[in-house]
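Here are the chains, one letter per residue:
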Amino acid sequence: MQTHVAKRVEIIIEAVMERRLTEALTAAGVTGYTVLPVQGGSGRSGEWSREGQVGRAGGMVAVICLIRPERLDGLLEAAFRVVERHIGVVSVTDCAILRAERF
Amino acid sequence: MQTHVAKRVEIIIEAVMERRLTEALTAAGVTGYTVLPVQGGSGRSGEWSREGQVGRAGGMVAVICLIRPERLDGLLEAAFRVVERHIGVVSVTDCAILRAERF
Amino acid sequence: MQTHVAKRVEIIIEAVMERRLTEALTAAGVTGYTVLPVQGGSGRSGEWSREGQVGRAGGMVAVICLIRPERLDGLLEAAFRVVERHIGVVSVTDCAILRAERF
Amino acid sequence: MTGLLELAAQNLISPAILCFVLGLAAALARSDLSVPEAAAKALALYLLFAIGFKGGVALVEAGVGVQLGAALLAGAALSFALPFVAFAMLRAMSSLSPVDAAAVAGHYGSISIVTFVAATASLSAMGVAFEGWMVAVAAAMEVPAIVSALWLALRGGAAGGERMDARLWREVMLNGSIVLLVGAFAIGWITGPAGRAEISSFIDAPFRGVLCLFLLDMGLVAGRGLRAARGQLTGGTVAFGVVMPPVGAAFGLAAGAALGLSTGGAALLAVLCASASYIAVPAAMRVALPQANTGLALALALAVTFPFNLVVGIPLYAAAAQALTGG
Amino acid sequence: MTGLLELAAQNLISPAILCFVLGLAAALARSDLSVPEAAAKALALYLLFAIGFKGGVALVEAGVGVQLGAALLAGAALSFALPFVAFAMLRAMSSLSPVDAAAVAGHYGSISIVTFVAATASLSAMGVAFEGWMVAVAAAMEVPAIVSALWLALRGGAAGGERMDARLWREVMLNGSIVLLVGAFAIGWITGPAGRAEISSFIDAPFRGVLCLFLLDMGLVAGRGLRAARGQLTGGTVAFGVVMPPVGAAFGLAAGAALGLSTGGAALLAVLCASASYIAVPAAMRVALPQANTGLALALALAVTFPFNLVVGIPLYAAAAQALTGG
Amino acid sequence: MTGLLELAAQNLISPAILCFVLGLAAALARSDLSVPEAAAKALALYLLFAIGFKGGVALVEAGVGVQLGAALLAGAALSFALPFVAFAMLRAMSSLSPVDAAAVAGHYGSISIVTFVAATASLSAMGVAFEGWMVAVAAAMEVPAIVSALWLALRGGAAGGERMDARLWREVMLNGSIVLLVGAFAIGWITGPAGRAEISSFIDAPFRGVLCLFLLDMGLVAGRGLRAARGQLTGGTVAFGVVMPPVGAAFGLAAGAALGLSTGGAALLAVLCASASYIAVPAAMRVALPQANTGLALALALAVTFPFNLVVGIPLYAAAAQALTGG
Ligand SMILES: Nc1ncnc2c1ncn2[C@@H]1O[C@H](COP(=O)(O)O)[C@@H](O)[C@H]1O
Ligand SMILES: Nc1ncnc2c1ncn2[C@@H]1O[C@H](COP(=O)(O)O)[C@@H](O)[C@H]1O
Ligand SMILES: Nc1ncnc2c1ncn2[C@@H]1O[C@H](COP(=O)(O)O)[C@@H](O)[C@H]1O
Ligand code: NA
Ligand code: NA
Ligand code: NA
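As you go down the protein sequences, you meet chains P, W, A, B, X and U in turn.
First residue of the first sequence: 42, per this note's numbering; consecutive thereafter.
First residue of the second sequence: 42, per this note's numbering; consecutive thereafter.
First residue of the third sequence: 42, per this note's numbering; consecutive thereafter.
First residue of the fourth sequence: 60, per this note's numbering; consecutive thereafter.
First residue of the fifth sequence: 60, per this note's numbering; consecutive thereafter.
First residue of the sixth sequence: 60, per this note's numbering; consecutive thereafter.
Bear in mind the hints are in silico, worked out from the structure with no lab data behind them.
One or more hints might be untrue.
[To be verified] Partial chain U-side listing against chain X, Cβ under 8 Å, derived:
| # | residue |
| --- | --- |
| 1 | Ile72 |
| 2 | Arg89 |
| 3 | Ala98 |
Note that CB positions come from ideal geometry on N, CA and C, so glycine has one too.
Isolated chain P (complex conformation) (with noise of 0.2 Å):
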């Protein structure tokens, strides 16, 4: 099948932190995203799991980006202005993609 070039940029943040970094994403033009739950992880601050949690204060998300290579630096600089003080990775993979017109 035919298939284009894309990244797909992964980035786990705290959940308090998504709506600021989805809208700021839009605002950098990214045209989807999706949003997965995190159930539990560990990191420099500490191990944490879902199931200890009370209130949104401590859970995060995984948000997924299908894009065009040529977007990628404007979608990392939108991102890192808001994980840059806060917990999280952001890590790109190269991709390929279906239904280019799409992105």
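Chains W, A, B, X and U with the ligands: place on chain P using the hints.
Then chains W, A, B, X and U with the ligands, alone, in the frame of chain P:
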């Protein structure tokens, strides 16, 4: 460790189409897949979130499929026939897998 | 933006083995990981879905680990010792990360 | 007329309606108040089980009669016919494409079980009796509208997948809420008043309180739907969302009178005709009519018609039924 | 004999059993009816808490005596011994490998708390009294069977990981359902009748209704299990699934009589011996015996033995206990 | 003094407290017992709705008076002022950085609604009357402390994002628990005793039982928090966690006496001042003060101060209020 070249296909699709998709994948010779819940997202058809859902009509899922490279085309064609007329995205990444005898 | 080469390891494993896996990862020097819930799947041992579960015996989780390339082998060996006799899959993707000082 | 206004005012200040208003206001103000998806589904299961079960028990007391059969047939026929009425109105009142109009029409032919539940609670509070087995009529009205909608869409130029294949047909007929409603009805019918006595402190005592929490969630969902669909809800479609319910209700009242239902029964049939589906139909439409704008249909059903019926419709149809049946 | 059949028929048309049947039928018909995972877990927490708490309160009234100690020991011994019986039967009746047979045997030595809860509800409905603290015996019977099963598996040729390491041991002893059951028992015992009075409208009034919804979910799960395991459920294993319960029950009845338990107490001990675990044991087996086919064990326990006990077993064991104890 | 000890002992062996202890013990023993997140949230929604609604109904009976207004103002002022007290104590007692101390201080100025609910249950059990509308004061005390904490953090050297921007301000004011509490209060006030009668078997009868299950979960969460934060909870911070509550309570008692509240009302104001937030404040701090160690603040609030108040504090403050108001 000994790893083997493979493809990781990620299909984000409406929950109502999940069974149709996984059956099509199985029919196309796929030996395994994993379904992740999706919490929300945004695309050409607007923004949605699991919290705002009644019934299953609006939710989405992410189906992940690790396959040998030679099977990729069959899988994509099968997947495409299901998603074609529906909202959702399909991406493919190169990856390496352990225990290739399982695939 | 400045990115750094890294590996993204995704381990899909039975929920009962989650703690054993994350402890093995930590022992192998992994500094962080994220656990995603899994809703269902299919493989050599058949099909399952979270809705059909009683207790934790049948569920699975996806553990995602971003690491520096030189740590990959240690991680895979640690992971393999845990998953070896169990069902589940392990895949590795090349990726780029922001904020490499965190890994 | 005073009686009617009083009824409406009384209805308005019940905890249940106010909970809906609270949810709506919270969502419009973008509060992060939310009912977890699993909890909302559990509340729905409870309401479906309780209302179905009570209906079945009521059937034991009433006996299976010709009237029940006639009401089931009438309900199915209304569900089948109303999408044509709705389609015509939509084409006249709005600029929706034929396919979108067909999808919306399907939602309005089918029913909203929560509106039904709220109506039974209101009638009980007003002391108006109704046929307990009316819930079976509700179940019979869920599906036929889907068939009409797909037919209208095909005629309206939809291509390809919008056939009602056997699989979709099975999915629709066996969707969870129908199965639970009908199953609980059967269980109530089999176990009868003895069964009801056994679980009464579960299905009767907390019923209204659970309805309050459920309506809180419905308000939240409706409010989010409104915000998501702000761009799409044109004047024409919104007008349809408040005009269609009384039109549907008129059909229901006429049928109820023809069937010789009690005042409450006629009011409930009116409520069923007036209400719009937001569970079974959207799911079927997403599969069969993926190109239709189901977001719009859902927003209309949930954020316009549902509150209209809850606040204005239920007391209105009840008053009309009273006038009509002289009850 | 008439009395027995009547009992069974009565049992069959209770709302609880019919809810199970509804769930089973819905799953077999592939309806999308489902109880969210979180809601099902919450219902289970409620049932465990309520049954444990009531047991503890009952102990205040009965007093801690020699009989309780003896019953706990007998329960643990039965749980330890029954896997050997089950293993021998499985090797004779089916073609399961030793390791798979050991895994299944472990499930049958342990207990199903929902079967126990359903049995207490049936006994109460029949007006048969029982020792309230029997729930403590249930807790004592959860784990020993796992030890026997692992021993049998090792002897049967399982290699490597199937040692019961300290960590697994702790996980099994402190699994959520045991901790909640024993903890609620202790709380009931400490707070006594005054504590029960305080929360009675939470743990008593809605109890049977909650059980109905829970059994609806169990039916759904059992039905899905049946569909998933259709290929693996051979005649031999299914036969084992309905023969083993009465065999286990016979052991339980004998022990109950020897201990001098009341009619209801003996019946409950029989139910515990007859029932098969589907929570604690499968989790332990996945860790310690990953090569065993736990899917098969789970399908047998849930989709064959659980309904058998629910529908046929409970009234049967109750009648046998009545005959035996002359109660 | 005997009366006080008796009260404390009585409080200790209530099912609710014992459920908390069970959860705490289970988590510390690393049992896998857990309440699903959705179920815990649903229980919280129930408690907030019930307590808010009852408060609103109580206001109908009491009438809106000057005392309510004064109490709301006093509550807001206390919430605003207490972080300064807490900050000073933390700087003296521990080696926390100014920013971390400010974050912790913010938690202690705000309130824990579960502690409040548990206190109302204890007071009812002791037969001590209180102003039903005190729950409105609780709502008024949630937010002001956040403003003080951010000001303290800025003064203490925090850089950049720790401004309270309009968006964060809205998020905090409209956080779900405030909206539900205030909304339910309004609904109770509008529908009055008639509304309460309608849903009493939902919000009154099972209330204490639901509180038990909720406290079980709080115990689990507190235990997990303790294990996660073991390294960070130094002697100084733990000492603060048990010294700050009585200090806060003293302010509350004084204000209560000055306002002329009843014995129970003064006790509840003390409880509000003594308790520490673990929902609204942590979320605001994560956004506005990401560099602060909110894990420590949460562990202190949940795993030190919450149990202290539950077990020791509530009876202590009640006894003090009794002595003070001579009630
Ligand atoms: N190396 C990593 N791989 C995957 N996820 C990570 C990694 N490091 C951190 N995370 C995730 O990011 C969260 C915060 O990390 P940190 O900022 O290091 O405390 C963790 O709880 C994990 O969910
Ligand atoms: N570029 C994208 N990256 C990630 N997910 C996307 C993207 N575009 C769409 N999606 C997902 O697919 C769903 C439907 O997209 P659409 O068909 O564009 O409305 C969205 O709600 C997202 O969950
Ligand atoms: N090829 C695959 N791609 C993605 N997930 C897989 C694949 N194979 C197996 N899995 C996942 O691993 C689980 C166990 O697989 P198995 O060990 O083959 O029974 C399945 O239920 C899936 O969730
Ligand atoms: Na209708
Ligand atoms: Na057994
Ligand atoms: Na406070």
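Now for the hints, and whether the structure bears them out:
1. Evaluation of the Ile72 (chain U) hint against chain X yields a held restraint, the C-beta minimum of about 6 Å falling below 8 Å.
2. At a threshold of 8 Å, the smallest CB-CB gap from Arg89 (chain U) to chain X is about 7 Å, leaving the interface hint in force.
3. Among the interface hints, the one on Ala98 (chain U) holds; its C-beta lies about 4 Å from the nearest C-beta in chain X, closer than the 8 Å criterion.
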